[in-house]
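J.: Chain residues, written in single-letter form:
Number of protein chains: 2
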Amino acid sequence: MDETAASVIPTGTGHREIRRNNLEVVLRHLSLAGPDSRASIASRAGLTRSTISRLVGELIDLGLVRETGPPQVQGIGRPATMLELDGRHVLAIGAEVNVDYLAVLVTDLAGRKVYEQRRAYDAIADGPGHSITALAGLCREALGTLAGLRVGRQPIVAGLTVAVPGLVDAPARVVTLAPNLRWSGVPVADRLRELLQLGPAPVSVANDASLAAVAEYRVGGHAGTPDLIYITGEVGIGGGIIVAGRPLRGVRGFGGEVGHMRLDPSGPVCGCGRRGCWEALIGLHALLRAAFPGGPGQHGGPGRHGGPGRHGVPAGEPPEAKAAAVARLARAGDADVLTALAGIGRWVGIGAANLANVFNPRAIILGGYFTLLADWILPPAARALIEGALAPDAGGCTLTTSSLGFSAAARGGAIHVADQIISDPAMLDSRSRPPAS
Amino acid sequence: MDETAASVIPTGTGHREIRRNNLEVVLRHLSLAGPDSRASIASRAGLTRSTISRLVGELIDLGLVRETGPPQVQGIGRPATMLELDGRHVLAIGAEVNVDYLAVLVTDLAGRKVYEQRRAYDAIADGPGHSITALAGLCREALGTLAGLRVGRQPIVAGLTVAVPGLVDAPARVVTLAPNLRWSGVPVADRLRELLQLGPAPVSVANDASLAAVAEYRVGGHAGTPDLIYITGEVGIGGGIIVAGRPLRGVRGFGGEVGHMRLDPSGPVCGCGRRGCWEALIGLHALLRAAFPGGPGQHGGPGRHGGPGRHGVPAGEPPEAKAAAVARLARAGDADVLTALAGIGRWVGIGAANLANVFNPRAIILGGYFTLLADWILPPAARALIEGALAPDAGGCTLTTSSLGFSAAARGGAIHVADQIISDPAMLDSRSRPPAS
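If you read the sequences in order, they're chains A and B.
Take 720 as the starting number for the first sequence in our numbering and just add one per residue.
Take 720 as the starting number for the second sequence in our numbering and just add one per residue.
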């Protein structure tokens, strides 16, 4: 090499590693930039055309890339055959356990959603063992449906990543602590792998908010915003934080627990046992307690069955049903409900201001139940954000709601799986078929 | 190139850019790894020996690299002449304006401190114009002293970076807002450049805590810790945050304003005008008010002259004198002072717990006045951190004090200047000489 080689290749990089890296370069380019020709990929990647042709051949054999349509003219020269990310037969499963629902969302490798199912579920009453069994059942339904729909190539399960609202020890594949689920030390990934018999497909567990933030960054309304914070709006309040385009993890992967920022020493008791956490002020139970002061949720801590039953708010229903009931009353001008929403909105903004001061993000994006109550929550929240931020105009931070609704975390799980395959496509060689339904 | 070339060089990279990049690779390697031979650098950088010899020749001409001692045997082969970072004649100036002091710290390019001076100063009473003039005077003293000491080559001022406790618009070289200095829209870098006539040497302004965090990460007691948070302990409380080895900036460079996290809606009024900010609970004025309830500091907002005069705490003295007076009383068992320190420590820990929940850092490092009162502040702070963090054992976060004392921000300024030269050594070609004293 001569002086034009500006970059440094770590010594000891083997041929297998280089091949994997080059396969990844091609796949990632097609994943991010869309259809392109062999010649164009070669010039962008700094590889020879013959190398690119060999790599593309391998990816076509794996069903991850396909030639598309008739050759197209690109600049000067003869028309080139275009390539695009395929992977329609490669299934990436995102799953989620939350306090009051289970969810499964399946995409293909190109990120197209092919299946989604969410179901109301009382995860606290059922405990971790039954909850995981129920989630596995939901996954089996998904795979059965998809196998029934199949046209062409037999589908391959690339992997599964399950989102959980709590601290996750990702390398150990264990939920360390999820206060709202009342889980600690639960090996959810290994248990799901056993139940689903996914063979060598990787099964992972990750924090729900971290996954949702990745989904927001990749496919949400603010995709590509390098400094963003995603806030879950469930019984729990979690944060997924992207700093300069990279997910914030921290030293043990526990970063993002914004719901346990303490904002008021004399505030209400939180599900974690402390007082005045942001979650205790703006979580779904705080909303239901404030909106329905007569409901069972007021008697110390989150209600076991997810909220009160009067005023037409259905107990045991998924969170969007509860939020929709609140929205109906707000639209009808119910004074209690409007006051409650204004109060929640103000606390949303106070916490958001703390985050704006600390991170100076471009966007703080509210997910979950907030997406259904944006009309009432965003205006007071935006005012409190501007008031509480030291920087003029909140340092350029927009406070908004997610376009991904309650799907964000499961979607992030599917993206996590697809990214693993894009990083190492050869993993698919030995991949098992999904079990029959 | 063939398949072994795993990395991608951006298209359009010119020869000048590549030369600059290669000079940087050599300098940064010597800066981080210490003395090494041409052959070893060549193999690590993936460049030819002839390219390395040409680059090293250029760096020796600039006085940035020198050959050291007799040839040494490295592995197999004949003994090699070792090279080391030199730059003894290249001066990097870090400066600081704070509420109650001015500081200048000068290093050479290899990071050796060659000069330091701090002086008590009432920046509020004097206003921005006079403060900047006084800081320029302190810089001129430094350069005069160093010119007088010179042996060998004429010193060259590589640049100056001034630390300020507030929001900085770095590209515009302006202090946007520094509440405790009562500055807004102050073009401090341009003004210093005019006063000091530094010619083409870059003069920059940056947030004090951000610079201090970089100093901590590079030369402090926790150097190399990839997830750390540095907290200033001055009249103002600022944060400098390193996430996965990179300084957190945010979208406008305003990240790290941890002092304005709101922790208690009914808390004391802050210098920013809001209520219950962390700074209002643990800043130097909060300490002095709590420790000396009879002092002038108690009457609404920070005392103009930096604190009370009774109990032997000297008004108009630098902050370390005030902290030292508090420490004397604590050692003597003064009950008011011990209660005050315990209370401050608890609030330090509550804020640290919020940061631990959000960032999951390896270390939170307290600077400034905290370094002199660690014995009394750290124990209650560590208890409150453990109590307030969701993760067991605070997620592995250590709370400690800085080994850099009040010098951290100015040291970070000097590092910032040296980094600019290491990134683009050719900048020195046209560098002016320092003015005579």
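Careful, some of the hints might be misleading.
[Unchecked claim] On the chain B side, residues computed to face chain A include the following (Cβ under 8 Å): (1) Gly975; (2) Cys991; (3) Gly1115.
[Stated by the list, open to error] Pairwise CB distance ranges (calculated): (4) Thr1117/B x Pro919/A: 51 to 61 Å; (5) Arg1050/B x Pro945/A: 26 to 36 Å; (6) Pro945/A x Ser762/B: 34 to 44 Å.
[To be verified] Now the stretches of chain A that chain B is said to cover, found in silico as 3 or more residues with beta-carbon under 8 Å: (7) 969-975; (8) 983-992.
Simulated from the structure, these hints should not be mistaken for laboratory data.
All residues carry an ideal CB built from backbone N, CA and C; glycine is no exception.
J.: If a hint holds in the structure, say so; if it does not, say that too.
T.: How the hints compare with the structure:
Given hint, glycine 975/B at the interface with chain A, holds; its Cβ is 7 Å from that chain's nearest Cβ, closer than 8 Å. Interface hint status for cysteine 991/B: upheld, as the beta-carbon distance to the closest one in chain A is roughly 6 Å, under 8 Å. At its closest, the beta carbon of glycine 1115/B sits 5 Å from a beta carbon of chain A; the interface hint therefore holds under the 8 Å criterion. For the hinted restraint 51 to 61 Å between threonine 1117/B and proline 919/A, the CB-CB distance of approximately 39 Å leaves it violated.
Hint check: arginine 1050/B to proline 945/A, Cβ distance near 49 Å, so the stated range 26 to 36 Å is violated. For proline 945/A and serine 762/B, the Cβ-Cβ distance of about 35 Å falls inside the hinted range of 34 to 44 Å, so the restraint holds. With 7 residues bearing a CB less than 8 Å from a CB of chain B, the region 969-975 of chain A meets the requirement of three and the coverage assertion stands. With 4 residues having a Cβ less than 8 Å from any Cβ of chain B, the region 983-992 of chain A passes the three-residue criterion, so the hint holds.
Against the hints set out earlier in the document, violations occur for numbers 4, 5.
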